[in-house]
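Undergrad: Residues per chain, in single letters:
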Amino acid sequence: MSVQIFKLFSIFFPLILSPLLFGVINKTKAFFAGRKGMSVLQPYYDIFKLIQKENIYSQTTSSIFKISPVIGLICVYMALFIMPFAGIPAIFSFKGDFILLAYLFGLSRFFTVVAALDTGSSFEGMGASREVTFSAITESVFFLSLIALILITKEYSLSGISPYSSEKHFSIILPVMLLVSVAIFLISLAENSRIPVDDPNTHLELTMIHEVMILDYSSADLAVIQYLSSIKMWIFFSIIANILLPHTFYVSLTNIFYFFIIIFSLAVLTGIIESSIARLRMLKVPQFIIGAACLSLIAVILAFK
Amino acid sequence: MYIILFFIFLLFVSGILSFFLKKKLRLSSQIGSFGSIITISFLLILSIFNFSRHKDLTLSFSWQMPFGNFAVGIDPLSNFFIIITLFISLLAAFYSVSYMSPELIKKKTGAHWFLFNTLVASMIMVLIARNGLLFLISWEIMSLTPFFLVSLDDNKISARKAAFIYLIAANIGSAFLLLLFILLGGASANLDFSSFKPEISSGILFILALIGFGIKAGFLPFHVWLPEAHPEAPSHISAIMSAVMIKMGIYGILRIITFLGLPQAWWGVTLILIGIISSVGAILFAMAQKDLKRLLAYSSIENIGIIAIGLGIGLLGMSFMYYSVMIIGFLGAFLHIINHSLSKSLLFLNAGAVYHATGTRNMNELGGIIKKMPMTSFLFLIGSLSIIAVPPFNAFISEFMIYYASFQGIINLPKNETIIIIIAVVSLALTGGLSLACFSKAFGITFLGFARSDKSEKAHDPQKTMLYPMIVLAILCLIFGVAAPFIISFPLETIRSTFNLMPELISEEKTQILKPLSLVSVVIISLIALSFLLFFMLKKIRDKRQISETVTWDCGYIAPSATMQYTESSFIEPLMRLFNPILGVKTNFHPITDIFPVKSSFMLKTHDVFKRYFYEPFFNLFSLIFNIFRPIQHGRIHFYLLYIVSTLIILLFWKIR
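Protein sequence lines, in the order shown, are assigned to chains V and L.
All residue numbers for the first sequence refer to this note's numbering, where the first residue is 1 and numbers rise by one.
All residue numbers for the second sequence refer to this note's numbering, where the first residue is 1001 and numbers rise by one.
These are calculated hints, taken from the structure and not from any lab test.
The beta-carbon is built from N, C-alpha and C at its ideal position, and this holds for glycine as well.
Misleading hints may appear alongside valid ones.
As the list claims (entries may be wrong) - Here are some of the chain V residues that sit facing chain L, going by a computed Cβ distance under 10 Å:
1. ILE74
2. LEU174
3. PRO175
Unchecked claim - Partial pick of chain L residues on the chain V-facing surface, computed with a CB cut under 7 Å:
4. PHE1400
5. LEU1514
6. PRO1516
7. ILE1541
8. GLN1565
As the list claims (entries may be wrong) - To spell it out: a stretch of chain L is covered by chain V in this simulated footprint if at least three of its residues, at any positions, have a beta carbon under 8 Å from a beta carbon of chain V; those stretches are:
9. 1070 to 1082
10. 1385 to 1392
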């Protein structure tokens, strides 16, 4: 199959497979809890169920509330076009494309936050306030970790910063690669509202971040939000997979196989983390993100050598 | 050139006429507004025409003043700033026709138009002056008129105080500039720009320019006047001050750099450092504000910081002769100058409309006005999206360019300089995240949710003359974001002529940057198109179904009220706590300790640390010293006459001896 056709085709993998990530995470958690757990396909059933339900809106809300999920979904959808797939360069690959990636997430975040404020609920205001706080720091940590890769590869596009293309010695590349992957994994836990930063399962509004911001959504809007958060998680995991995998310019089946292995084992890892530790206190969350920042800083220092 | 001078003169004269006809309100307002709108439009057409001709204009003749000739000229660098200035001023003039309608401000109509026209005329004179003395005179006029404009509402204490702080800051800046030009002119005592041959080390001149112009630009340690003065001025004047006047500081720095020859590496590093401090520091203070216009004023400092980072990276590239870093860094800075002018004037005009309709700028008294002022809210949303630099709006393109230049710098420049650029990238990202927090607060608290007080009950969208300038600005914000590949040749041409680069070099960089930019445009355009598509698809689905409306989820509580909403300070509290070491937030909490409920209070105040811990002690010391002389200035005129007589007698004896 030619690479160009495959690239167009590769967009559909995340679009179809990403809800499966939530299924895998839930299954893992069920395993550790000693339960049988729901089917891994449950997230799909949820989305279809939600679409068929009746819409309920709050009287306080304006059109901002209605347009927010739409913009969020389109933002992650456009982000897929600049993500390399299994080491194959993205459809739109250009220098500095991760700046666009970060700011697309910024756009979708802005709308989630103002939509939460649109309801006039103090719970949702609380969630919005926490969201902007933590994301303000994660964004700069994300850039810091990518700078380590830029330093060793002398490239600055998502499709180009594979550590394997670096001319440096192996003893530098390997630690940088691992440190950056761990840092981005920690960031992705924060960005995708997972334990230890946020708990997607809690039912107490006072303790949540992302789930509380979408408290007033229902029906198709809620389905869109769940779907877009699964794609967002896929994007973060595939950044890590693309760092760990060598980049090819042809369609390599082994590479694609390993790509899926990495993404789904990251989902399993997320499940293990969620079963084994508790959510951090809100005041401790910045420390968690600063921890990720320290890892990327070490990577930057190593990359300088 | 003569035509341009003539129109500037005309602009000035219409202001004076309007001032002297102040008894006849309507006539005075008409002369002032027509004079400014017509002359500004003519000047705008002329300067755009000039720019497309690629020809520099100069004019020089001797005049009665010392230190050289009356020299004026227009080159692309001047023209770049002239076009921005004229355009924003034109929209502000339209806006002020109803914002400052004679019925509203009565006697002050004439004064307003006189000051407005003088301000615009003097800004243009600053930009075309080619002689140090002429430059300084225009600069002084440009610095003085805002003093009167800020204190236009002079029965408010805050306005008088703000104007006074502004006056002091402006004069300190001018003092540094005076020294700078004297040193530049050197022994020859000729202040014509064309004859500048600096004799002392260019580093000192650069520092002088950085302080003198930095005070006007509002770089962080020198910024204290800005958040005082900008909010107190009428909104269209705040728009001009924030969008255009502080950019004069940037223009001054650029103009001086062209005299100084090849920059040294530490200039770039200094500018980047100032940019980092300004952008991160100012956005933190912006977040803490509850006054909408004050928040916008702080955000202007943040954006000036981003521009400084871009310029600094450009200078670094220039000093290492690495043209790719240089050109793209400058390009980012120049584009950000345009973009910030557009979005910040949009936001200020918008805040003016909100103030006009509700009579308050305090976010905690607003809320829910999106239902009453849908158009204004929508435009404010566009302004916020544009200023936090997310796609598809304009500022994203300029920040993208600055990031792009930094990454090139990280790869290519020597290691020591790389470190400062890495810090710049990280702080740019931090600024991005914080400004998202800041403007989601500004938009969310002011326009969304429930009304927090009854002030917003009478709110309504403003008249057309106020609305149209904002719509124009909003459309331009979008165009400059979407059509970026077509727009970059305008700043690129400015950069080429300013630094005398070869056209091949520019076109090479242009082709290099065009690929990412056009792909960004593709993504952005599909983003807009697909969002519309999906929105209407969902709307179709909704329309078929039954939709019920109910209250916001209240957790079962039966009597939720508007005061239970998150306020601006509660929204921003976690960030304030995180950055408390920098911000020094003061809390004043009287908890209830009795068994029975009594009155309790909680107060939160964020002072500007620079103002509180540096400027206030400094000027207090000053006033302490000068208090010694107070007894001799008691206001009794016959004693003053005695002083004069005795001085004359002493002088007489001194001369005879």
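Undergrad: Does each hint fit the structure? Answer for all of them.
TA: Against the structure, the hints:
1. With its C-beta approaching chain L no nearer than about 5 Å, ILE74(V) sits inside the 10 Å limit, and its interface hint holds.
2. Below 10 Å, beta-carbon pairs count as interface contacts, and LEU174(V) has none with chain L, the closest being about 21 Å; its hint is therefore violated.
3. With 10 Å as the threshold, the beta carbon of PRO175(V) stays out of range of chain L, its nearest partner Cβ sitting at about 18 Å, so the hint is violated.
4. Taken as an interface hint, PHE1400(L) checks out: its beta carbon lies about 5 Å from the nearest beta carbon of chain V, inside 7 Å.
5. Annotation: interface hint on LEU1514(L) violated; nearest CB of chain V at approximately 10 Å, more than 7 Å.
6. Below 7 Å, beta-carbon pairs count as interface contacts, and PRO1516(L) has one with chain V at about 4 Å; its hint therefore holds.
7. Look at ILE1541(L): its Cβ gets to within about 6 Å of chain V, closer than 7 Å, so that hint holds up.
8. With a least beta-carbon distance of about 5 Å to chain V, the hint placing GLN1565(L) at the interface is held under the 7 Å criterion.
9. Counting residues of the stretch 1070 to 1082 of chain L whose beta-carbon sits less than 8 Å from any beta-carbon of chain V gives 0, not enough to reach three: the coverage restraint is violated.
10. For the stretch 1385 to 1392 of chain L, the stated coverage by chain V holds: 5 residues have a C-beta nearer than 8 Å to a C-beta of that chain, and at least 3 were required.
Comparing the model with each earlier hint shows violations of hints 2, 3, 5 and 9; every other hint is respected.
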